[in-house]
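Listed here are the chains, written in short residue letters.
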Amino acid sequence: MNEPVVVNQLAKTFFDEARGEVHAVEGIDFECHAGEIFGLLGANGAGKTTTLRMLSTIIAPTSGSAIIMGHDVAKEGEVVRKSLGFYSASTALYPRLTAKETIEFFARINRYPPEKLAERVDYLITRFGIAAYANARVDKLSTGMKQKVSIARTVAHDPPILIFDEPTVGLDVLNALEMQEVIKEFRAQGKTILFSTHIMSEAEKLCDRIGIIHNGRILACGTLDELRLATGVHYLEDIFVHYVKGRA
Amino acid sequence: MNWQTVWVLLAHELRMLRRDRRTIILGLALPLVILPLMLYAAKSSSERREKTLEQTRYTYAVTGSQAEEARNRIGRALRSLGQGYPHKQDGKKSLAGLKLEEVHVQDPAASLRKQEIDFYLEAMSGKEADALLKPEEKNKPAAPDAPRKVLPEPKRLAGVPLILIYYQGNQDSSAQGSSRMLNLLRKESSSGRDALLREHGFPADPDQVMPVTERSLATPGQVTGSNLGKFLTLFLVILMLTGGAVGAIDIIAGEKERGSLETILTTAVNRGEVIAAKQLTILIVALTITFIQIAEILACVTFKAISLPADFVIDVSPATVLTLLFLFIPVAGFISAVLLMLSAYAKSYKEAQLYFFPVYLLSWAPSLAGAFPGISLRSAIVLVPLANVSVAVREIMVGKYDWPMIILAAAVMTTTAVWAARVSTRMLNQENIIATGEFDAADLQGGPALFPKRVLRWYALMGVVLFVVALNVPQLATFRRQLLFNELLIFFGGSLLMVARYRLNVKQAWALRAPKPAVWLAILLLIPSSNILGVGIFRLANLVLPVPRQVIEQFASDIMPKDISAFQMILFLAILPGICEEIAFRGTLLYGLRRKFRPVGLTLIVGMVFGLFHVALFRILPASFLGIILTATALLTGSIFPGMVLHAGNNAFSYAAAMKQLGIGQLAWWAYLAAAFVFIMGFAILYRNRTPYPDLTRPRNLILPKIRS
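Read top to bottom, the protein sequences are chains U and Y. Just so you know, we're using the numbering used here here: the first sequence kicks off at 1 and counts up by one. Just so you know, we're using the numbering used here here: the second sequence kicks off at 1 and counts up by one.
There may be inaccurate statements among the hints.
[What the hints assert, rightly or not] In silico DSSO-like pairs for lysine-lysine, Cα to Cα no more than 30 Å straight-line:
1) 146(U) to 82(U)
2) 187(Y) to 347(Y)
3) 116(U) to 184(U)
4) 140(U) to 350(Y)
5) 347(Y) to 140(U)
6) 400(Y) to 516(Y)
7) 140(U) to 116(U)
8) 187(Y) to 99(Y)
9) 507(Y) to 562(Y)
10) 146(U) to 116(U)
11) 146(U) to 453(Y)
12) 507(Y) to 453(Y)
13) 75(U) to 596(Y)
14) 51(Y) to 114(Y)
15) 347(Y) to 146(U)
16) 347(Y) to 82(U)
17) 245(U) to 205(U)
18) 75(U) to 347(Y)
19) 562(Y) to 660(Y)
20) 100(U) to 140(U)
21) 100(U) to 146(U)
[Stated by the list, open to error] Where chain U lies over chain Y, by a calculated footprint (3+ residues, C-beta under 8 Å):
22) 2-16
23) 253-262
24) 265-272
Please keep in mind that the hints were generated in silico from the structure rather than gathered at the bench. As the structure is a computational prediction, the values presented were derived from the model and not from experiment. Yeah, the Cβ is synthetic: ideal placement off N, Cα and C, and Gly gets one too.
Let the sequences and hints guide you as you build the complete structure.
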């Protein structure tokens with residue numbers, strides 16, 4: 001099993017005081033191939049974020065397994081986290097650090113080799129056009145600037161796997177497009193990317209393979225062409241509706 | 001654990017704190033400014049008060065058949081003042097610079113009420129005084145607006161004239177003036193007595209006959225050490241808690257709120273490293289602020305902003321300082337771990353602030369153990385964290401070094417600190433603590449769904465109100481008022497408010513269900529047996545934390561005033577608590593927490609919360625025991641009513657036992673064993689006839705799953 005991400009019968013059940021048992025994810029299976037963008041496409045509450053949080057070891061699976069770079073997320077959290085970068089709207093930055101300090105700090109705690117640290121920080125500052133405000137505190141930056149710093153901190157330790165949980169939520173069109181370009185660039189660098197979204201056009205444009213997730217289950221998984229073939233409809237929106245409605 | 005990573009995280013935390021203006025202002029700048037400001041304000045207000053008092057001219061009137069004699073006495077006394085003593089050295093400071101002015105008024109009592117005069121004297125002949133102090137007269141209740149007489153009934157011979165001074169106790173100048181007049185006349189009376197004795201041939205000042213004096217063999221340093229040792233632990237715990245809280249509250253709770261906690265949890269660091277760094281940060285902040293504040297206090301003493309008593313001598317050897325450090329370092333570790341737990345448990349900065357106050361209050365009880373007389377470190381107290389250090393410090397400060405016990409106390413404290421740190425780490429592994437946000441549908445649904453999340457906050461608030469009001473509202477200090485306030489307003493009113501606020505179904509929330517008939521037999525068995533067992537528990541607790549006899553006697557006289565009838569006592573001590581406290585604890589609280597904990601945990605927690613509401617330290621354990629029994633009863637019967645009867649019966653039994661002097665506190669061990677047997681029988685009946693409390697727990701496998709880092 002050489003795939004960088006292998007998910008097998010992964011499930012997560014919560015207990016919520018208001019709703020009782022909530023089966024957020026119900027035994028899903030998928031794999032991500034090296035150097036591809038795998039998209040989890042689903043409506044709000046479908047189980048995308050829960051899945052990605054389990055893969056990033058923030059929360060533990062109730063059952064099933066997820067192997068990242070050969071390591072089990074439930075048993076080897078530290079090693080797993082070392083090989084991935086996690087980006088989501090809920091992972092905020094430290095407001096009282098400068099942009100440069102932020103990148104430096106995350107590279108350091110992710111055990112990036114100290115002798116290469118300065119070079120890496122300089123590279124990221126240049127790559128993401130942060131130089132002009134590298135020494136400004138994060139709480140003084142605009143949303144777009146923060147987004148760039150946030151991406152830079154995600155890849156500060158140059159991980160082979162990147163997880164983006166709805167990365168364009170709350171961004172304006174230009175910033176969203178820039179985010180898409182950055183993700184494509186990471187793919188070009190050979191990184192494996194797991195990407196969740198509820199925006200069809202984004203998934204259509206970016207993903208090499210798509211998993212349609214609904215009510216905690218993966219309803220279909222494949223390339224866009226495979227999904228078109230299987231459903232007989234062309235647009236991803238129609239494909240999505242086909243599976244979700246069919247399920248309902 | 002990778003200590004290099006811990007160091008990077010620690011440097012990061014300290015840098016964040018340094019850049020936080022709120023921390024700098026609240027933790028350092030404000031305390032630095034506030035203490036000198038407060039001292040300056042206190043000093044200047046005291047000086048101003050003294051000056052004002054010196055300049056005040058007190059107006060008074062004299063009335064009664066012996067008014068002229070009273071005036072003569074005042075005149076003589078004032079003349080003697082002029083002849084030589086207003087004088088601070090002989091303790092007559094209160095008479096220095098006394099300015100008096102007699103005014104003539106028609107009705108002195110009316111003038112006093114209208115504040116036209118500060119006080120008045122009524123000088124009576126012996127006959128008039130005898131008539132005034134006849135027993136039937138003495139027992140007459142005074143009219144509500146009648147001015148108070150300053151003299152308590154004097155031990156006077158029949159037929160001796162009397163001067164009564166009337167004043168308004170609620171007016172500063174009236175109280176001050178009348179008190180100074182009282183001193184003046186007493187001094188004059190005593191000089192008159194001495195002169196009379198001399199006239200009749202007594203050769204000396206009567207005060208010099210067979211004088212009794214005392215001499216302490218302890219050095220001033222030892223006396224200071226003894227006094228300081230009693231409160232040093234409390235003082236340092238307060239400083240460390242308040243100092244540490246400045247950084248601690250934000251360190252996890254604030255990060256959760258901002259979202260940066262999740263960011264750090266997705267990195268390669270493990271949670272133990274995160275906790276270690278955060279705890280070290282709190283420790284550093286707490287110690288820094290403590291040292292700064294102590295230095296500031298010492299500076300204030302050096303520059304005479306704080307005046308210490310003349311015999312206050314700190315005589316502490318370097319060995320003593322090292323021994324104290326040996327004890328206080330684990331205390332600091334424990335406090336930082338507790339603060340970290342608090343911050344980890346809270347979901348937001350505001351919530352952490354809310355939790356801080358009860359923790360702060362709770363820390364007082366064990367920290368004050370050293371102030372209790374009769375507790376020695378060579379007892380079970382050595383196993384009670386914080387209390388053991390408090391007692392050890394008191395003993396060390398008087399020069400008693402019981403090394404095996406000191407080492408054991410330090411070991412207990414260190415173990416507790418390590419345990420608390422491990423709990424904090426486990427908390428960071430609990431999903432419901434680190435990542436509940438998006439699953440909290442309760443917040444959106446509100447009403448009954450939100451209640452379980454809010455219920456503990458309500459009880460924390462009720463506890464704070466109860467505590468603060470009891471300390472600060474003297475009008476409620478009487479037995480009846482205090483009980484009515486607590487039972488009707490706080491417990492019953494609070495429960496009603498929760499029911500209304502969260503739209504709860506009263507029948508369900510208060511478990512208003514009829515129990516099976518057999519349950520009542522069990523309750524009959526449980527009333528005496530649980531009471532006797534509770535007293536047994538109290539006796540056991542007394543071995544660890546002995547309660548001074550006078551404290552218990554004071555408590556007994558407070559809750560059983562002599563002027564209240566047996567019927568009222570049963571109403572106030574048994575029936576009201578039986579209804580109101582059961583509704584509050586086995587009703588609303590139990591309902592709110594029923595799905596948060598498994599039955600055993602639920603029973604213990606509800607019982608302990610109930611115990612904590614019985615504020616006095618020595619009552620907490622027996623009250624918690626009763627609370628646990630009552631909660632177990634509610635869980636087994638599914639109804640609040642058996643608990644109400646058991647609670648009321650237990651309290652009534654205590655009252656009856658005290659009235660009949662049954663001596664339950666002095667029973668032999670076999671009597672407690674017999675009570676335990678009856679108690680078990682009672683619970684066996686409850687168990688066999690159980691109607692479990694509905695809708696109890698969440699599925700076992702879904703409770704707090706852990707993440708391995």
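- Message: Would the hint linking residue 75(U) and residue 347(Y) be met if the CA-CA limit is 30 Å?
- Response: holds, 27 Å
- Task: Compare the distance between the alpha carbons of residue 140(U) and residue 350(Y) with 30 Å, and conclude whether the hinted pair is satisfied.
- Result: holds, 24 Å
- Measure nothing beyond the straight line between the CA atoms of residue 187(Y) and residue 99(Y); if it is 30 Å or shorter, mark the hint as holding. With Cα atoms ~16 Å apart, residue 187(Y) and residue 99(Y) stay inside 30 Å; holds.
- Restraint check for residue 507(Y) with residue 453(Y), where alpha carbons must lie at most 30 Å apart: The given pair, whose Cα atoms are some 20 Å apart, holds under the 30 Å limit.
- Holds or violated: residue 140(U) to residue 116(U), with C-alpha atoms at most 30 Å apart: Measuring from Cα to Cα gives roughly 28 Å; hence the hint holds.
- Item | Proposed proximity, residue 116(U) with residue 146(U) (alpha carbon, max 30 Å) | holds, 24 Å
- Query: Are the Cα atoms of residue 146(U) and residue 453(Y) separated by 30 Å or less?
  - Reply: Between residue 146(U) and residue 453(Y) the Cα gap is close to 33 Å, so the pair fails against 30 Å, i.e. violated.
- When you check the alpha-carbon spacing of residue 187(Y) and residue 347(Y), does it fall within 30 Å? Violated - the C-alpha atoms of residue 347(Y) and residue 187(Y) are around 66 Å apart, more than 30 Å.
- For the pair we were handed, residue 347(Y) and residue 82(U), check the Cα-Cα distance against 30 Å. Distance of about 27 Å is within 30 Å: holds.
- Measure nothing beyond the straight line between the CA atoms of residue 100(U) and residue 140(U); if it is 30 Å or shorter, mark the hint as holding. Holds - the C-alpha atoms of residue 140(U) and residue 100(U) are around 13 Å apart, at most 30 Å.
- Message: Please check whether the segment 253-262 of chain Y has three or more residues whose CB lies within less than 8 Å of a CB on chain U.
- Response: Since three or more residues must qualify, the claim that chain U covers the segment 253-262 of chain Y holds, with 4 doing so at under 8 Å.
- Message: Hinted pair, alpha-carbon criterion (30 Å max): residue 116(U), residue 184(U). Please report holds or violated.
- Response: The hint holds at about 25 Å.
Consistency note: the structure conflicts with the earlier hints numbered 2, 6, 9 and 11.
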